[in-house]
Every structure is written in C-alpha cells, then in structure tokens.
Amino acid sequence: MADLALPTAPGRVARTARTWKLRISATLVAGFVLAVLLVPPLVGLDEQAVDLGAKLLPPSLDHPFGTDDVGRDLLLRCVYGLRVSLLVGVVAALVATVLGTAVGAAAGALGGWTDRLVMRCVDAFSSVPHLLLGIFIVALFRPGVWPVVVSVGLTHWVSTARIVRAEILSLRARPYIDAAVSGGASRLRLARRHLIPGVLPQAGLAAVLMIPHAIWHESALSFLGLGLPTHQASLGTLVQSARGTLLAGDWWPTLFPGLFIIVPTLAIAGLAGAWRERLNPRRRSELML
Amino acid sequence: MLELLSLTAGYDRRAPVVRDVTLTLAPGEAVGLLGPSGCGKSTLARVAALLHRPDSGRVVIDGEPARGYRHRAPRAQRTAFGVVFQQPRQSADPRLRLADLIAEPLRATGRPEGAADKAAETADTVGLGSDLLGRRPHEVSDGQLQRACLARALILRPRYLVCDEMTAMLDASTTAALVGVVEEYRRETGAALLAVGHDRVLLDRWCDRTVEWSELGSRHDGLATAKPPAEQSPSVR
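So the protein lines, in turn, are chains B and D. For the numbering used here, add 2 to where a residue sits in the first sequence, where the first one is 1. For the numbering used here, add 2 to where a residue sits in the second sequence, where the first one is 1.
No lab work stands behind these hints, which were simulated from the structure alone. Careful: at least some of the hints might be erroneous.
Unchecked claim - Pair ranges (Cβ atoms, derived):
{"id": "1", "chain 1": "B", "residue 1": "Arg17", "chain 2": "D", "residue 2": "Gly182", "range": "47 to 53 angstroms"}
{"id": "2", "chain 1": "D", "residue 1": "Ala178", "chain 2": "B", "residue 2": "Ala28", "range": "50 to 56 angstroms"}
{"id": "3", "chain 1": "D", "residue 1": "Ser143", "chain 2": "B", "residue 2": "Arg122", "range": "43 to 49 angstroms"}
{"id": "4", "chain 1": "B", "residue 1": "Val45", "chain 2": "D", "residue 2": "Gly136", "range": "46 to 52 angstroms"}
{"id": "5", "chain 1": "D", "residue 1": "Pro76", "chain 2": "B", "residue 2": "Trp115", "range": "18 to 24 angstroms"}
{"id": "6", "chain 1": "B", "residue 1": "Leu89", "chain 2": "D", "residue 2": "Ala122", "range": "31 to 37 angstroms"}
{"id": "7", "chain 1": "D", "residue 1": "Asp22", "chain 2": "B", "residue 2": "Arg17", "range": "28 to 34 angstroms"}
Claimed, not checked - So the derived list for chain D, only partly shown, Cβ under 10 angstroms to chain B, looks like this:
{"id": "8", "residue": "Glu5"}
{"id": "9", "residue": "Leu7"}
{"id": "10", "residue": "Arg72"}
{"id": "11", "residue": "Gly84"}
{"id": "12", "residue": "Gln92"}
{"id": "13", "residue": "Ala101"}
{"id": "14", "residue": "Pro107"}
To be verified - Short derived list, chain B residues pointing at chain D, Cβ under 7 angstroms:
{"id": "15", "residue": "Ala51"}
{"id": "16", "residue": "Asp53"}
{"id": "17", "residue": "Ala56"}
{"id": "18", "residue": "Lys57"}
{"id": "19", "residue": "Arg144"}
{"id": "20", "residue": "Tyr178"}
{"id": "21", "residue": "Ala181"}
{"id": "22", "residue": "Ser184"}
{"id": "23", "residue": "Gly186"}
{"id": "24", "residue": "Ala193"}
{"id": "25", "residue": "Arg194"}
{"id": "26", "residue": "Thr232"}
In this text, a Cβ means the ideal position worked out from N, Cα and C, and glycines have one as well.
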C-alpha cells in the first residue's frame with residue numbers, strides 16, 4: 003500500500019524546518035536579551051566579587067557554571083560578558099551599516115566618476131585583511147569598549163556599501179525614478195525620498211547579520227588581549243582568562259563562555275536568515291506570504 | 003513648440019536605437035508616434051522628455067535648446083514635460099500612498115503648501131475617488147494606478163505631455179477615460195502631446211497626426227532592438 007500513500011507537498015519538510023529554526027532562534031535571542039537587560043539590575047550581585055575560598059569550583063547548584071580561578075561566579079560573569087559583547091556588537095553593526103549605506107548610496111545615486119572613484123577606494127580598503135586593520139585601530143587607543151566598537155565598525159562597512167550600491171543601481175533603472183526626475187526632484191530628494199527608503203530593508207538585514215560577526219570580532223580582539231581590559235567581563239576576556247586553567251583539567255571556565263559566544267550569535271544569525279528569506283521574492287512565494 | 007533635431011540615442015554608442023530622427027510638435031499639436039515594439043520609440047520619448055541624454059542631436063523647447071538631460075536639465079525645462087509610462091506598477095514608488103504619489107512633484111519643486119488639496123483636486127479630474135488616495139500602489143488596480151500616474155504628470159501643469167504607451171496595459175473603457183482626461187487638459191491649457199504606441203486606430207483617433215517610426219529617417223536595421231536600461235546596470239562590482 004506504500005504506493006498509495008499521499009506524497010508530501012514538495013518543500014513542506016524544509017518549510018517546517020525553517021519555521022522551527024525561526025522559533026528556536028527567536029526564543030533564544032529573546033531569552034538572552036532579557037537576561038542581559040534584567041539580571042544586572044534585579045539580581046544586584048557584584049560580578050567582580052572575588053572569593054578565593056571558592057576558586058575553580060566545578061558546576062554545582064550554588065554556581066551552575068562553576069567559578070573561575072579567583073572564585074567569581076561564571077554564570078554571572080557570562081551574563082555580564084554577553085551584555086558587553088552584545089552592546090559592542092549592536093553599536094559596531096550600526097556604525098558599519100550607517101557608514102556602508104552612506105558610501106553605497108553616494109556611489110550608486112551619483113554614478114559616473116564618483117561611483118568609480120568610491121568603488122576603487124572600497125576595493126583598496128577591502129584588500130587589507132580586516133582583523134589586522136582592526137588590531138591596528140584598537141592599538142591606537144587605551145583598552146575599552148569604544149575603541150573596539152570603532153575598530154569593528156570602521157572595518158566592516160564594505161560589504162554593506164556594496165549591497166546598498168547594487169540595490170540603488172537596480173532601483174535607479176525603474177520608471178518611477180524617471181517620473182520623479184521629470185517631476186522636478188533634486189538629486190538629494192531622489193535619494194531621500196525614493197532610493198534610501200528602498201534600500202533600508204537590505205541595509206537593516208545587513209546590520210543584523212553584522213551583529214554576530216561583530217561579537218566574534220570583539221571576542222577575538224579581547225582574546226588577543228587587545229580589546230577590553232581583562233578585569234571587565236566580556237565573552238572574549240572570559241575565554242582568554244580561562245586559557246590557563248583548561249590544561250589543568252578545569253573545562254568549565256572555557257566551555258560556558260564559549261557557549262555564550264556560539265549560541266546567541268547563531269540564534270541572531272538564524273533570525274537574520276529568516277528575515278532574508280522573507281525579503282527574497284522567490285522564497286516569499288514559496289512561503290505564500 | 004518642441005523640436006527634436008537629428009537625434010541619435012541609445013544605450014550603447016556603437017549601436018544606437020534612435021538614429022538621426024527629426025520630429026517637430028507645433029504648439030498645442032497632438033502627434034502620435036507609431037512603431038513596433040523594440041524599435042526605439044520609447045527611447046525617443048525619454049529623450050524628448052529630457053530623461054535620457056542623446057548621443058547627438060538637440061532638443062529645442064519653445065525656441066530654447068535643452069541645457070542638459072535628467073538632473074543637468076534646469077528644473078523649469080524638466081517640469082515642462084508631464085510623462086506617463088506604460089507600466090503603472092513600475093512607475094509608482096511602492097512605498098508612497100496615492101495622495102503622496104500625486105502630490106510628490108509639488109513637494110519636490112518646493113511648493114508643499116496646499117499640495118494635498120491640489121492632489122485631491124487633480125485626482126478628481128482623472129476620475130480617481132478620494133477613498134483610494136490613502137492606499138498604496140499594491141492595493142489598487144492597474145487602471146486606478148495609471149490614473150494616479152496621469153494625475154502626477156498633470157499636477158505641475160506641463161506644457162508638453164509625453165505618453166509612452168500609456169494605455170497599453172488597460173482595458174478599452176479605462177483607455178477611453180484616460181484619453182478623455184488628456185484631451186480635456188489639452189483643451190484647457192493648450193498643451194502639446196507626444197503619444198507613443200503601436201495601436202494605429204487609437205493614435206489616429208486621438209492625435210492630430212500620426213507618424214510612422216519608419217518614416218522618421220531612422221535607419222532601422224533590425225539589430226537595434228535594445229530594451230530601455232532596466233536590465234543594463236553598469237558592470238557588477
């Protein structure tokens with residue numbers, strides 16, 4: 003009777019999987035955001051509190067993530083670390099997106115020589131490895147949150163600029179732009195009224211996709227000792243300070259901060275992926291939205 | 003008077019779509035331009051409305067040569083033309099409500115005061131009910147959207163109307179209504195009209211004279227079937 007069984011609608015399994023991916027991602031992101039927003043003001047514990055009597059305790063009911071080598075509670079430090087890393091990630095992604103949108107919109111909307119000149123500068127800029135450039139920028143300042151934000155923001159606008167420029171070029175060929183020109187719109191008004199609003203969904207998506215990347219960069223810079231000062235909890239500094247204990251067999255100071263880097267960033271990327279599928283018309287018709 | 007003098011234009015200098023075309027619109031005259039699809043008549047219409055720079059030749063508006071094309075044209079010359087395109091969906095910014103779509107030229111030319119009232123008034127003359135003005139393009143039909151596009155073209159009271167296959171996507175009754183609106187406007191203002199299309203019966207009845215594309219001195223060799231630049235973005239970087 004197997005040949006009489008109704009065939010599954012094509013793409014249905016994939017669609018269900020996507021829906022679940024979206025639900026899980028959204029729940030995780032909401033949970034992490036609530037945690038970093040609510041835990042510090044509500045709990046009122048000091049994440050820097052040293053308790054040398056309780057150093058390097060494995061996970062237990064008192065300390066679910068264990069304690070580090072000076073007896074600080076790792077769960078609390080992970081939440082504070084994620085708070086700093088998310089802040090850095092979001093602000094750096096915003097900086098990169100605003101910069102990239104401005105450059106891409108200018109190149110796409112003005113066209114001609116401006117476009118060629120700007121895009122060659124973008125090519126030159128992207129030929130420099132961005133982690134190296136980021137290290138160079140943070141090295142110019144004292145360690146802290148803002149140099150990391152500036153470093154990640156200033157090195158990650160290139161892809162957004164390319165996306166925005168391409169989108170603007172495709173919008174510029176539409177007849178409604180001709181109609182606006184004929185209606186007397188200045189270049190500035192054309193950009194403000196028709197072109198920029200048209201690229202905002204793409205730019206917004208680029209910004210959200212940038213957040214996990216920015217968090218990884220913050221972690222990488224802090225891990226290298228160039229980002230945040232070591233006493234300040236961030237995901238990168240936590241993993242960095244756990245290096246010494248890992249070889250002694252104490253796995254928890256590395257594992258939990260590591261998970262706090264991986265899980266939230268994958269969840270944000272999952273959300274962004276779902277958004278991208280909504281923007282993609284082919285997908286949209288498939289989803290029947 | 004609008005004079006298009008020895009215009010050669012296209013999207014690739016080596017293969018122009020419009021070759022050495024001369025066409026004159028007398029004051030208040032309605033000229034129909036008839037030709038098969040892809041022959042370059044839309045390109046000629048865009049050049050005439052100062053929306054596309056020709057490779058050579060001149061456009062002279064009321065004795066004054068066009069001083070540039072697109073944004074290089076002075077605003078007064080650009081807004082002397084009201085342009086209506088073939089596909090209303092492509093000619094309307096999907097984010098604007100119809101009221102804003104129609105009022106946009108007033109706001110763009112620095113006359114925002116009373117723009118909403120003027121837009122409602124113009125919408126009324128093209129037969130667009132005021133209940134539709136709060137909707138966005140995807141919430142109205144092609145015919146309703148084309149009425150809004152016509153209202154947008156008329157709101158600055160242009161001296162020339164360029165209708166590029168304005169009615170190609172519409173049914174007969176909407177076509178008749180829109181042609182009626184254009185004619186009413188022309189009676190009122192004495193504006194001249196360049197109507198491009200491939201429907202001989204319509205153009206013959208609508209216009210004072212109808213010109214065949216092949217009579218325009220354009221050496222059409224069958225190869226120059228370039229589309230307007232929708233797909234022709236500069237090299238992908």
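Status of the hints after comparison with the structure:
1. Arg17/B / Gly182/D: 47 to 53 angstroms: holds, 49 angstroms
2. Ala178/D / Ala28/B: 50 to 56 angstroms: holds, 53 angstroms
3. Ser143/D / Arg122/B: 43 to 49 angstroms: holds, 46 angstroms
4. Val45/B / Gly136/D: 46 to 52 angstroms: holds, 49 angstroms
5. Pro76/D / Trp115/B: 18 to 24 angstroms: Holds: the Cβ-Cβ distance is about 22 angstroms, inside 18 to 24 angstroms.
6. Leu89/B / Ala122/D: 31 to 37 angstroms: violated, 48 angstroms
7. Asp22/D / Arg17/B: 28 to 34 angstroms: violated, 57 angstroms
8. Glu5: violated, 19 angstroms
9. Leu7: violated, 21 angstroms
10. Arg72: holds, 5 angstroms
11. Gly84: holds, 7 angstroms
12. Gln92: Because about 5 angstroms separates Gln92/D from the closest Cβ in chain B, which is inside the 10 angstroms limit, the hint holds.
13. Ala101: Where the cut-off is 10 angstroms and the nearest Cβ of chain B is about 15 angstroms from Ala101/D, the hint is violated.
14. Pro107: Where the cut-off is 10 angstroms and the nearest Cβ of chain B is about 3 angstroms from Pro107/D, the hint holds.
15. Ala51: Violated - the Cβ of Ala51/B stays beyond 7 angstroms from chain D, reaching only about 53 angstroms at its closest.
16. Asp53: violated, 57 angstroms
17. Ala56: Hint violated; Ala56/B Cβ to chain D Cβ min 57 angstroms, cut 7 angstroms.
18. Lys57: violated, 55 angstroms
19. Arg144: violated, 38 angstroms
20. Tyr178: Because about 5 angstroms separates Tyr178/B from the closest Cβ in chain D, which is inside the 7 angstroms limit, the hint holds.
21. Ala181: It holds, given that the least Cβ distance between Ala181/B and chain D is near 5 angstroms, below 7 angstroms.
22. Ser184: holds, 5 angstroms
23. Gly186: Holds, about 4 angstroms.
24. Ala193: violated, 11 angstroms
25. Arg194: violated, 10 angstroms
26. Thr232: violated, 42 angstroms
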